[in-house]
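*Asks:* In case you want the letters, here they are:
Number of protein chains: 2
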Amino acid sequence: MNQKLGNAIVGQSGGPTAAINATLSGVIRGVREGVHGGVIQTLYGMRNGVEGFLREELINLTECFDDEDKLELLERTPASALGSCRKRLPDPHSGDGIYDRIFSIFRKYDIRYFFYIGGNDSMDTVAKLSEYARSKGEDIVILGIPKTIDNDLMETDHTPGYGSAAKYVAVATQEIIRDCAVYRIPAVTIIEIMGRDSGWLTAASAVGRKINGIEPDLVYLPERSFSNTQFLSDVKRVLEDHPNVVVAVSEGLRYANGCYVSESESGEPRDEYGHLRLSGTGKVLEMLIRREIGCKVRSVELNLPQRCAAHLLSKTDITESIQIGRSAVVFAAIKGITSAMLTIIRCSNQPYRIEIGCVAAAGVANRVKNMEDPYINSEGNHITDACCDYIAPLIQGEMGSKFVNGLPMHFVF
Amino acid sequence: MNQKLGNAIVGQSGGPTAAINATLSGVIRGVREGVHGGVIQTLYGMRNGVEGFLREELINLTECFDDEDKLELLERTPASALGSCRKRLPDPHSGDGIYDRIFSIFRKYDIRYFFYIGGNDSMDTVAKLSEYARSKGEDIVILGIPKTIDNDLMETDHTPGYGSAAKYVAVATQEIIRDCAVYRIPAVTIIEIMGRDSGWLTAASAVGRKINGIEPDLVYLPERSFSNTQFLSDVKRVLEDHPNVVVAVSEGLRYANGCYVSESESGEPRDEYGHLRLSGTGKVLEMLIRREIGCKVRSVELNLPQRCAAHLLSKTDITESIQIGRSAVVFAAIKGITSAMLTIIRCSNQPYRIEIGCVAAAGVANRVKNMEDPYINSEGNHITDACCDYIAPLIQGEMGSKFVNGLPMHFVF
Numbered sequence: 022m023n024q025k026l027g028n029a030i031v032g033q034s035g036g037p038t039a040a041i042n043a044t045l046s047g048v049i050r051g052v053r054e055g056v057h058g059g060v061i062q063t064l065y066g067m068r069n070g071v072e073g074f075l076r077e078e079l080i081n082l083t084e085c086f087d088d089e090d091k092l093e094l095l096e097r098t099p100a101s102a103l104g105s106c107r108k109r110l111p112d113p114h115s116g117d118g119i120y121d122r123i124f125s126i127f128r129k130y131d132i133r134y135f136f137y138i139g140g141n142d143s144m145d146t147v148a149k150l151s152e153y154a155r156s157k158g159e160d161i162v163i164l165g166i167p168k169t170i171d172n173d174l175m176e177t178d179h180t181p182g183y184g185s186a187a188k189y190v191a192v193a194t195q196e197i198i199r200d201c202a203v204y205r206i207p208a209v210t211i212i213e214i215m216g217r218d219s220g221w222l223t224a225a226s227a228v229g230r231k232i233n234g235i236e237p238d239l240v241y242l243p244e245r246s247f248s249n250t251q252f253l254s255d256v257k258r259v260l261e262d263h264p265n266v267v268v269a270v271s272e273g274l275r276y277a278n279g280c281y282v283s284e285s286e287s288g289e290p291r292d293e294y295g296h297l298r299l300s301g302t303g304k305v306l307e308m309l310i311r312r313e314i315g316c317k318v319r320s321v322e323l324n325l326p327q328r329c330a331a332h333l334l335s336k337t338d339i340t341e342s343i344q345i346g347r348s349a350v351v352f353a354a355i356k357g358i359t360s361a362m363l364t365i366i367r368c369s370n371q372p373y374r375i376e377i378g379c380v381a382a383a384g385v386a387n388r389v390k391n392m393e394d395p396y397i398n399s400e401g402n403h404i405t406d407a408c409c410d411y412i413a414p415l416i417q418g419e420m421g422s423k424f425v426n427g428l429p430m431h432f433v434f
Numbered sequence: 022m023n024q025k026l027g028n029a030i031v032g033q034s035g036g037p038t039a040a041i042n043a044t045l046s047g048v049i050r051g052v053r054e055g056v057h058g059g060v061i062q063t064l065y066g067m068r069n070g071v072e073g074f075l076r077e078e079l080i081n082l083t084e085c086f087d088d089e090d091k092l093e094l095l096e097r098t099p100a101s102a103l104g105s106c107r108k109r110l111p112d113p114h115s116g117d118g119i120y121d122r123i124f125s126i127f128r129k130y131d132i133r134y135f136f137y138i139g140g141n142d143s144m145d146t147v148a149k150l151s152e153y154a155r156s157k158g159e160d161i162v163i164l165g166i167p168k169t170i171d172n173d174l175m176e177t178d179h180t181p182g183y184g185s186a187a188k189y190v191a192v193a194t195q196e197i198i199r200d201c202a203v204y205r206i207p208a209v210t211i212i213e214i215m216g217r218d219s220g221w222l223t224a225a226s227a228v229g230r231k232i233n234g235i236e237p238d239l240v241y242l243p244e245r246s247f248s249n250t251q252f253l254s255d256v257k258r259v260l261e262d263h264p265n266v267v268v269a270v271s272e273g274l275r276y277a278n279g280c281y282v283s284e285s286e287s288g289e290p291r292d293e294y295g296h297l298r299l300s301g302t303g304k305v306l307e308m309l310i311r312r313e314i315g316c317k318v319r320s321v322e323l324n325l326p327q328r329c330a331a332h333l334l335s336k337t338d339i340t341e342s343i344q345i346g347r348s349a350v351v352f353a354a355i356k357g358i359t360s361a362m363l364t365i366i367r368c369s370n371q372p373y374r375i376e377i378g379c380v381a382a383a384g385v386a387n388r389v390k391n392m393e394d395p396y397i398n399s400e401g402n403h404i405t406d407a408c409c410d411y412i413a414p415l416i417q418g419e420m421g422s423k424f425v426n427g428l429p430m431h432f433v434f
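Those protein sequence lines, which keep their order, are chains G and D.
Numbered according to the working numbering, the first sequence spans residues 22 to 434.
Numbered according to the working numbering, the second sequence spans residues 22 to 434.
Calculated directly from the structure, the hints in this document are not laboratory data.
Keep in mind the model is a prediction, meaning the values are calculated, not measured.
Glycine residues also receive a C-beta, built at the ideal position from the N, C-alpha and C atoms.
Careful, some of the hints might be misleading.
Stated by the list, open to error - EDC-like, lysine to aspartate or glutamate: derived pairs with alpha carbons at most 16 Å apart:
hint : chain 1 : residue 1 : chain 2 : residue 2
1    : D       : Lys390    : D       : Asp218
2    : G       : Lys423    : D       : Asp218
3    : D       : Lys257    : D       : Asp218
4    : D       : Lys423    : G       : Glu419
Stated by the list, open to error - Which residues of chain G face chain D? A few of them, derived with a C-beta cut under 8 Å, are:
hint : residue
5    : Pro37
6    : Val56
7    : Thr63
8    : Cys85
9    : Ser101
10   : Ala193
11   : Asp200
12   : Cys329
13   : Arg374
14   : Ile377
Please model the complete structure; the sequences and the hints are all you need to start from.
*Replies:* Right, dumping it as structure tokens:
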């Protein structure tokens, strides 16, 4: 037990997701419900992560969230309600004055608990603040809470935010497959899905296989080197079987030489000023098929809606996002754990059941969790049944937006 | 009264929408419920429009839809369940044998009622078949039922399919605006929305103004000539006011010289009707801003989900789509109207109330309804309140998908 009477602060950092506000809500709920055993007095929120914190742009969340309706609305609001940043802290032993500034603000507001919701860059911030506090003997609890649609954080079974993004990708893919089925002429549709380094989100396009039997014909992931030759051969083979071919590709596909597919295309059109027209992976592969196969072809980049489609949340994801936020309050105030990131442990898949754990933040910072080999087929052009089994529980259930006059309501500070 | 005892057939043609199956369901419901006064015996569906009809690929819809559950599922299924085509019929006086073939199939299956659900290209088919039947004294009722996400059909207040696409555009835009608000650095996000010739769907991005106050900063429509100079000036002005600028643009924007903004895209093929395949307006404008303003900029093409996002249907749209399908059966069998397209007449806006009417199909075929002047602001860079009032009733209400294990179910023949 290491209970410290004082205040707490929570921030959001890195790219937005549709579930990061649910985790914020979980922290607020934990404080409101007193799961900290009475030690936390006021919960502050920092605007725009540590950037806003350095400007002392704090919001009193205890006062702000005085009823259940606001929390339920917050849980259905996409992106980071507190605002975000991508600030990288310097080495904690560099002598940079930024750490003195941060810790003086902690003292000024009597902040004993610091919660930071983010991805692996944000865990770098958690690890550095923890290291500085340790080296200076500062008595503050610093915890990271994971979020990312990419699902690429080490040490956690999956990340809050992934389930909702995966559900959006799975649903949009199924609807696009329907749309593509209406004509009979040979046609290829390429769906480009987010994921610079890992294929988890692209894999979600095929989770329907074991749910309703609907999935793309081919799925290409950044965990495998991409080959134009194999790709064209795969597409031609499927076209011989049926006219409407749907292919899911990750934005981060690379050739064996390490070049991204999206930066490699030669002979790409230039604009009137001679600038190379920067294309996405899907667009490059669309042009490849038009040139080499010559059939009708188009590409669809799912783009921002993947991470902000709050009208189509996974109830499992939002429930877990709230749970991990609430648990952070318990881990900090009751268990006295610091310098750590909370994790999700999958105890059982059928029935699906999780527990919340934690690991040292330093072990997560700046690392990427790739898809494991058993999740990718031997040809490297699809996912396995085991991968479907891994993803399926994470997209279960719907939250339902609060619609007013046809549009979903969002929470705004 | 012009009642003919016999069979009926229905087909779907042109680009898919999220509501075209609801209209199909309406026709089936009308026949099942006997609103034809007992004259229609069997309702057939043609696969892939007139193309499948010419191959006699017919489905007995009376047998197929024997319960309510299937119809409710059909109404929540995107794209054309019967399949579609883009076949253009020749001049009915050309002497082409295709008309003899079509009418011999009508006689073979005792088809007295022909329903064709489609856009202005499909109304061309309805008008030509009607003209041929008239010139030959053929006793068959031929009716067109409108659909298109573009809302660009003449003579109807709006088109079935538009309301659901508009709702998707409005919701996705609001979510993207939230996503863009998380950082404080100056950034421009361009949302590219479908609409080759008319701006109705792009206009829907701003319908939130009078619902919850959330809308893009700027909206550019094909009804006004696009100017790079005005665009850059507009964006700079907004950037001086706040850092996150969101701009909605129609894919069909053109310069004063008539060239599409996207037209420098090389190798874009034209479709069977000679329409340019447009893509890339947002990308072209993204590069313009990067070059001329130099701030962070990205473009998001909403793409196919605009027309197939059946998980986010407008209840108003689906209700009307069913109603117009059912009404077609009444207009054909009871009122004896032929050579016509059914229309939606807005009798009142507050409270919103419509009636179903009809006009000669020839007056709709191959024409485009543009946005009226009172719906566009004087600067040509946004919509007016009157336009919001026009769109708002069409996005009201939600249908709710039938989710099983996290994914929406669809109807498949």
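*Asks:* Hints broken by the structure, by number, lowest first?
*Replies:* 2, 3, 6, 7, 8, 13, 14
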